[in-house]
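A.B. asks: Below are the chains, spelled out letter by letter.
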Amino acid sequence: MTTRIDTRFAALKREGRAGLVTFVSAGDPDPKTSLAILEALPGAGADVIELGMPFSDPMSDGPTIQASSQRALAHGQTLVKTLAMVREFRATDDATPIVLMGYFNPIYVHGVERFLIEAKDAGVDGLIVVDLPPEEDDELCVPALKAGISFVRLITPTTDAARLPAVLSNTSGFVYYVSITGVTGTAAPDFAAVGRAVAAIKAKTPLPVAVGFGVRSADDAAAIAAGADAVVVGSALVAAIKGSLDANDAATSATVEAAERLVRELAAGVRRAQRPAAE
Amino acid sequence: MSIVQQPNSFRTGPDERGHFGLYGGRFVAETLMPLVLELERAYAAARVDPEFKRTMDGYLATYVGRPSPLYFAERLTAHLGGAKIYLKREDLNHTGAHKVNNVLGQIMLANRMGKKRIIAETGAGMHGVATATLCAKFGLDCIVYMGAVDIERQQPNVLRMRALGAEVVPVTSGSSTLKDAMNEALRDWVTNVATTFYCIGTVAGPHPYPMMVRDFQSVIGIEAKAQMQEAEGRLPDSLIACIGGGSNAMGLFHPFLDDASVEIFGVEAAGHGIASGQHAASITGGRPGVLHGNRTYLLMDVDGQIDEAHSISAGLDYPGVGPEHAWLADIGRVKYLSATDTEALDAFKLCSRLEGIIPALEPAHAIAKAMELAPKLPKDHLMVINLSGRGDKDLDAVARHLGGKL
Numbered sequence: 003m004t005t006r007i008d009t010r011f012a013a014l015k016r017e018g019r020a021g022l023v024t025f026v027s028a029g030d031p032d033p034k035t036s037l038a039i040l041e042a043l044p045g046a047g048a049d050v051i052e053l054g055m056p057f058s059d060p061m062s063d064g065p066t067i068q069a070s071s072q073r074a075l076a077h078g079q080t081l082v083k084t085l086a087m088v089r090e091f092r093a094t095d096d097a098t099p100i101v102l103m104g105y106f107n108p109i110y111v112h113g114v115e116r117f118l119i120e121a122k123d124a125g126v127d128g129l130i131v132v133d134l135p136p137e138e139d140d141e142l143c144v145p146a147l148k149a150g151i152s153f154v155r156l157i158t159p160t161t162d163a164a165r166l167p168a169v170l171s172n173t174s175g176f177v178y179y180v181s182i183t184g185v186t187g188t189a190a191p192d193f194a195a196v197g198r199a200v201a202a203i204k205a206k207t208p209l210p211v212a213v214g215f216g217v218r219s220a221d222d223a224a225a226i227a228a229g230a231d232a233v234v235v236g237s238a239l240v241a242a243i244k245g246s247l248d249a250n251d252a253a254t255s256a257t258v259e260a261a262e263r264l265v266r267e268l269a270a271g272v273r274r275a276q277r278p279a280a281e
Numbered sequence: 226m227s228i229v230q231q232p233n234s235f236r237t238g239p240d241e242r243g244h245f246g247l248y249g250g251r252f253v254a255e256t257l258m259p260l261v262l263e264l265e266r267a268y269a270a271a272r273v274d275p276e277f278k279r280t281m282d283g284y285l286a287t288y289v290g291r292p293s294p295l296y297f298a299e300r301l302t303a304h305l306g307g308a309k310i311y312l313k314r315e316d317l318n319h320t321g322a323h324k325v326n327n328v329l330g331q332i333m334l335a336n337r338m339g340k341k342r343i344i345a346e347t348g349a350g351m352h353g354v355a356t357a358t359l360c361a362k363f364g365l366d367c368i369v370y371m372g373a374v375d376i377e378r379q380q381p382n383v384l385r386m387r388a389l390g391a392e393v394v395p396v397t398s399g400s401s402t403l404k405d406a407m408n409e410a411l412r413d414w415v416t417n418v419a420t421t422f423y424c425i426g427t428v429a430g431p432h433p434y435p436m437m438v439r440d441f442q443s444v445i446g447i448e449a450k451a452q453m454q455e456a457e458g459r460l461p462d463s464l465i466a467c468i469g470g471g472s473n474a475m476g477l478f479h480p481f482l483d484d485a486s487v488e489i490f491g492v493e494a495a496g497h498g499i500a501s502g503q504h505a506a507s508i509t510g511g512r513p514g515v516l517h518g519n520r521t522y523l524l525m526d527v528d529g530q531i532d533e534a535h536s537i538s539a540g541l542d543y544p545g546v547g548p549e550h551a552w553l554a555d556i557g558r559v560k561y562l563s564a565t566d567t568e569a570l571d572a573f574k575l576c577s578r579l580e581g582i583i584p585a586l587e588p589a590h591a592i593a594k595a596m597e598l599a600p601k602l603p604k605d606h607l608m609v610i611n612l613s614g615r616g617d618k619d620l621d622a623v624a625r626h627l628g629g630k631l
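Chains A and B are the protein sequences, given in the same order.
Letter 127 of the first sequence, counting from 1, is numbered 129 in the numbering used here, and no numbers are missing.
Letter 199 of the second sequence, counting from 1, is numbered 424 in the numbering used here, and no numbers are missing.
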């Protein structure tokens, strides 16, 4: 079965460039603006969308994404509303892959089976669930694969060669390499080390490798895109949204444009990356 | 209707994946997973190393001051007019609470693993103080994450940690209490995973923590069993302990779980009352979910967002509970009750006045339920209350609540 994720990465390969994966928190800063941002992302140059499912206790996120979750929750965002948002997005865009990213508890509480049926139906293509390592694959990963939803795994600098096959075993769609040991948006990656890590992963899997955590600028994106199949930008985009809000964290007329502007810059960075000739 | 299968023994858990029935597990980010597995291997090796046990027993005797006495509370018994009440005096340990039993074990393990930087979360500050104490003793760097609200209500412990050379980091995210301190400690751990050992203060977190902390705390129950044998020539009839995460309770309970004649009670913090919604009673008022590395009973809303807990006692102010307690609750081996802020304050006063022992607000919750149960029981009923910590740290808070009428 060919998924939106597969189709998109195949197209990127034909174009000979890396993709841009953009992360925003669903419902940040409010449901209506959040949907408008989501709908603007592909036009601005996003190839894949990671949509954060806000959680009260985001243990792997830095202050920027923590605050975006809080803004969304303060406006009443829920898992059900996040799925409804995907459904609405799909009414106008049936091509851009959407990967939901978050923590397990809201999904577990909603009910895994019910969640997978509703997510598939809404047009969700993949899941990234931070607190589900391969040791807990029975919980969601295996059921998701059965339901036709990709389970995108995080690989980190602490994942050693011995562990890598286990981490890759049930991964599908793409692999997400976390470029730093740390929480989102806090440290700058060492590009040379990232390049080596990506090469090591690509030696073990035919899946595309996306790299994220700590990518802030078009130059960062260009540097990562030289070796990776996609570049993930989260905190920088969330910070751009935050920067456009008023003193009460309410959206302004500049909010959607602030997100679009950064995504255009990052998309340009990805496109000017120096990449080895396609094999 | 589901019938819960009763096991042959209640003391064999967890399984190799860290599960106590439905609960437990290893719900952590991939960055931490290799370290969690390394910790599991290191603990498995230390656990069967006679030298590790010998060294630990030595420090427990000469540094912690164990065994802690099992004390017959004569006036409390007479006042309540029923069961014969014994207090297991964990408040007499060095640093003033049971927390040190676990921290000693974990710091010795960190030392074996070559980790020089120790992080911890703390609520009431007792775990933070114990961690700061042992880091000083072993010459390790110590960083303690503590909610800003808790820093405010537990100043004496903040000063103790600083005097011991620890860095106390205020946490202002979320509700600024224990769960947020744990989030922040996990963020630190993810960031500094190569150098850092996370010393968790209770029987929660990813496997092997719930098992490891339980094992280190089981010295409480092992001693109590022998001491009761010496004092009365038999087993106690009931055990009572307070439950936040539940480490003092698990330490007392675990050695008795297969003694069918022993009734066991855990007491959660009911705050302003379960019906008020402002409480910290995860088993009584919560449902199963996944947080901080394990599946267990949690306080949360319909969407799975974690609720803020409330208790007068900072040490119980946590919206979850150790996974082994969750399992023991489902299977019915332990009965979980709850005591309100007001009941705990009454127990705090009564124990102080009748026994000359100022209990921490945490075990005051256990005393409160003993006050309810004991009068209805015969005089030959032997009850053990785990007096898990001393109350000096709580005097300001108690005085505030009693409007100066302490």
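Hints are not guaranteed to be accurate.
Unchecked claim - Reference excerpt, derived from the structure (chain B facing chain A, CB under 7 angstroms, subset only):
id	residue
1	P294
2	N408
3	V415
4	S443
Because the hints were derived from the structure by calculation, they are not lab data.
Cβ atoms here follow ideal geometry from the backbone N, Cα and C, with glycine treated the same way.
A.B. asks: Hint validation: V415 of chain B versus chain A, beta carbon distance must be below 7 angstroms. Holds or violated?
C.D. replies: holds, 6 angstroms
A.B. asks: Taking the closest Cβ pair, is N408 of chain B under 7 angstroms from chain A?
C.D. replies: Hint holds; N408 of chain B Cβ to chain A Cβ min 5 angstroms, cut 7 angstroms.
A.B. asks: Does S443 of chain B pass the interface check with chain A, least Cβ-Cβ distance below 7 angstroms?
C.D. replies: violated, 26 angstroms
A.B. asks: Tell me if the interface restraint on P294 of chain B is satisfied: Cβ within less than 7 angstroms of some Cβ in chain A.
C.D. replies: violated, 40 angstroms
Of the numbered hints listed earlier, those contradicted by the structure are 1 and 4.
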